Amino acid sequence: MAIGVKVMKRPGARVSYVRATLQGMALTLQHLFRPKVTMQYPEEKSSRDWALSPRWRGTHRMLTDEQGRAKCVACGLCPQICPANCIKLVPGEDEEGNRYPLIYEIDEFRCVFCGYCQEVCPEEAIHVGVHYENSEFSRDRFVYDLERLCAQTHPVSTLWDPSDPKGE
Amino acid sequence: MSFFLVASIIKIVVVFTVIMVGVALLTLAERRICAWMQDRLGPNRVGPQGLLQPAADGLKNLVKEETLPAQADKALFMLAPAMSFIPALLAFAVIPFAAPLPTPWGDVDMVVANLPVGFLYILAFGSLGVYGIVLAGWSSNNKYSLLGGLRASAQMISYEIAMGMSTVAVLLLMGNVTLTDVIARQARSLFTWNVFPLSLAYFIFIVAAFAETNRLPFDLPEAEGELIAGYHTEYSAMKFSMFYIAEYANMVTASALMTTLFFGGWDIPFTSWDNTPPWTTLKTLATLAMFTAKVICFLFLYIWVRWTLPRFRYDQLMALGWKVMLPLALTYLTVIATAIWFLHDALGWTYDTRFALALFALNLLLAMPLFFVLDRGRIVAGSVAEA
Numbered sequence: 030m031a032i033g034v035k036v037m038k039r040p041g042a043r044v045s046y047v048r049a050t051l052q053g054m055a056l057t058l059q060h061l062f063r064p065k066v067t068m069q070y071p072e073e074k075s076s077r078d079w080a081l082s083p084r085w086r087g088t089h090r091m092l093t094d095e096q097g098r099a100k101c102v103a104c105g106l107c108p109q110i111c112p113a114n115c116i117k118l119v120p121g122e123d124e125e126g127n128r129y130p131l132i133y134e135i136d137e138f139r140c141v142f143c144g145y146c147q148e149v150c151p152e153e154a155i156h157v158g159v160h161y162e163n164s165e166f167s168r169d170r171f172v173y174d175l176e177r178l179c180a181q182t183h184p185v186s187t188l189w190d191p192s193d194p195k196g197e
Numbered sequence: 100m101s102f103f104l105v106a107s108i109i110k111i112v113v114v115f116t117v118i119m120v121g122v123a124l125l126t127l128a129e130r131r132i133c134a135w136m137q138d139r140l141g142p143n144r145v146g147p148q149g150l151l152q153p154a155a156d157g158l159k160n161l162v163k164e165e166t167l168p169a170q171a172d173k174a175l176f177m178l179a180p181a182m183s184f185i186p187a188l189l190a191f192a193v194i195p196f197a198a199p200l201p202t203p204w205g206d207v208d209m210v211v212a213n214l215p216v217g218f219l220y221i222l223a224f225g226s227l228g229v230y231g232i233v234l235a236g237w238s239s240n241n242k243y244s245l246l247g248g249l250r251a252s253a254q255m256i257s258y259e260i261a262m263g264m265s266t267v268a269v270l271l272l273m274g275n276v277t278l279t280d281v282i283a284r285q286a287r288s289l290f291t292w293n294v295f296p297l298s299l300a301y302f303i304f305i306v307a308a309f310a311e312t313n314r315l316p317f318d319l320p321e322a323e324g325e326l327i328a329g330y331h332t333e334y335s336a337m338k339f340s341m342f343y344i345a346e347y348a349n350m351v352t353a354s355a356l357m358t359t360l361f362f363g364g365w366d367i368p369f370t371s372w373d374n375t376p377p378w379t380t381l382k383t384l385a386t387l388a389m390f391t392a393k394v395i396c397f398l399f400l401y402i403w404v405r406w407t408l409p410r411f412r413y414d415q416l417m418a419l420g421w422k423v424m425l426p427l428a429l430t431y432l433t434v435i436a437t438a439i440w441f442l443h444d445a446l447g448w449t450y451d452t453r454f455a456l457a458l459f460a461l462n463l464l465l466a467m468p469l470f471f472v473l474d475r476g477r478i479v480a481g482s483v484a485e486a
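Respectively, the protein sequence lines represent chains A and B. Oh and the first sequence: position 5 is 34 in the numbering used here, straight run, nothing missing. Oh and the second sequence: position 195 is 294 in the numbering used here, straight run, nothing missing.
To be clear, the hints were calculated from the coordinates, so they are not data collected in a lab. As the structure is a prediction and not an experimental result, all values here were calculated from the model. Any given hint might turn out to be false.
[Stated by the list, open to error] No farther apart than 25 Å at their CA atoms in a straight line, the calculated lysine to aspartate or glutamate pairs in the DMTMM-like style are these:
(1) Lys-65(A) - Asp-373(B)
(2) Lys-35(A) - Asp-414(B)
(3) Lys-110(B) - Glu-325(B)
(4) Lys-100(A) - Glu-148(A)
(5) Lys-100(A) - Glu-73(A)
(6) Lys-195(A) - Glu-176(A)
(7) Lys-35(A) - Glu-325(B)
(8) Lys-117(A) - Glu-162(A)
(9) Lys-242(B) - Asp-373(B)
(10) Lys-74(A) - Glu-137(A)
(11) Lys-65(A) - Glu-129(B)
(12) Lys-117(A) - Asp-78(A)
(13) Lys-74(A) - Asp-138(B)
(14) Lys-195(A) - Asp-136(A)
(15) Lys-100(A) - Asp-78(A)
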């Protein structure tokens, strides 16, 4: 023997080939008739056994007030905390002294979906969403502007709550 | 004469079409059944229940790029898929698939070519199939392909011997190699189906048939884990598809052969209505349905075994072929020949149900120690002899 292959001794008395084969065939035959676990995706997006987690962090959504304006006060905390530097914010101020975002853009390709922007937001304006269907035909469509962020309707993430780590 | 020609051409076209469509559906059946066994659904998007999936696959293969490796032996590389595809389809020509069909110009045998040497013809063309695989492996100029081709040749030659030996038992009992006669002799009752008097021959035959068709647990020529698909690594598009069709056509032929040799062919059990003249169209259709049902059962067995058992190691495969199957087939042949001589010549029995049952009892007696040894035996031992 040129190379040192270690050969395990098989316990002859406990060896079984024919029975093991038949057992295996019986098992696969049982599985043939079991209910299937496949979810038929485009038609079926959640099942009894599986649904998207409420803590899922997907593409953003900007919440609006009763007049349909973005809740954002352009405080600048979200671009400050964003680790991917994907939020572009240019603040403006109206004649009453209320701050509002002149430009608010999120580059969803740069975003790492950490959810810090939602955590840091004092007005509960920007949120990450429970959402995952984001296909577009061009790359520049992935820079979401304020109008687009306000128009999103998907549910927002509940994020992880340190006082309730298991989400109960 | 002209009627014979016309009838033959019609039969060729119909059988060819049915086999090609059957092979297409079989690829779908394989994928769906394997999915079901793994608690999945499988391809069900194209057409109702995925029935048009093979058409989509075929279309894809037609428009894909044909690749030709720079260092390949071009002539043989092009020839190899045809070399494995054609024998796979040719073998079906001698298999009778229904009772004769009455027409105004006389009865038509429901077999493409009712050759007197029918069974030998199948063995001959079955062996030809290996050329396609070996040439594919060699001409690709790829070491994995070459290994796959070499494995295929060694494996198919080894198991062909056991297969041939197991069928000699059938020929001994039937006294004929013409498949129509083999069916006629089996059709007397349920117990004269060869699977009863020759159960062990059937066992050897089915194991060898799995090896001959390169199906798991004997799919070493294309072992994807070790040989990255072996002999068809370098093939793409329709040339790859032809190997694929050949594999499934071989399965269909092997299933049809098992049906014919061991399960009474198109014979419907428990009645002699189907195999006695006068022939009617209804009898032809009923026997055709019976034949199809039997073949489908074997095809299902093929798929079932493939998605249950793991692959043998190469030396285990060779050991099983030469050290177990071949001596077993030879011994069995000796025993069964002696038994037939004893029953036929010494006791003077003619071949009927009693004769078959006596042989069946003998088979059961032989099967018990055999399966005990196979079960406890050390067939799948370590790769090195213990010092």
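Evaluation of the provided hints:
1. Lys-65(A) - Asp-373(B): violated (41 Å)
2. Lys-35(A) - Asp-414(B): holds (16 Å)
3. Lys-110(B) - Glu-325(B): With a Cα-Cα distance of about 42 Å, the restraint between Lys-110(B) and Glu-325(B) is violated, given a limit of 25 Å.
4. Lys-100(A) - Glu-148(A): Cα-Cα ~15 Å, so holds.
5. Lys-100(A) - Glu-73(A): Violated - the C-alpha atoms of Glu-73(A) and Lys-100(A) are around 34 Å apart, more than 25 Å.
6. Lys-195(A) - Glu-176(A): violated (35 Å)
7. Lys-35(A) - Glu-325(B): Within the cut-off at roughly 20 Å; holds.
8. Lys-117(A) - Glu-162(A): holds (23 Å)
9. Lys-242(B) - Asp-373(B): violated (54 Å)
10. Lys-74(A) - Glu-137(A): At roughly 23 Å apart (the allowed maximum being 25 Å), Glu-137(A) and Lys-74(A) satisfy the hint.
11. Lys-65(A) - Glu-129(B): holds (17 Å)
12. Lys-117(A) - Asp-78(A): Roughly 39 Å separates the two Cα atoms, so the pair is violated.
13. Lys-74(A) - Asp-138(B): Holds, at roughly 18 Å.
14. Lys-195(A) - Asp-136(A): Not OK: Lys-195(A) and Asp-136(A) at ~31 Å, beyond 25 Å, violated.
15. Lys-100(A) - Asp-78(A): violated (36 Å)
Comparing the model with each earlier hint shows violations of hints 1, 3, 5, 6, 9, 12, 14, 15; every other hint is respected.
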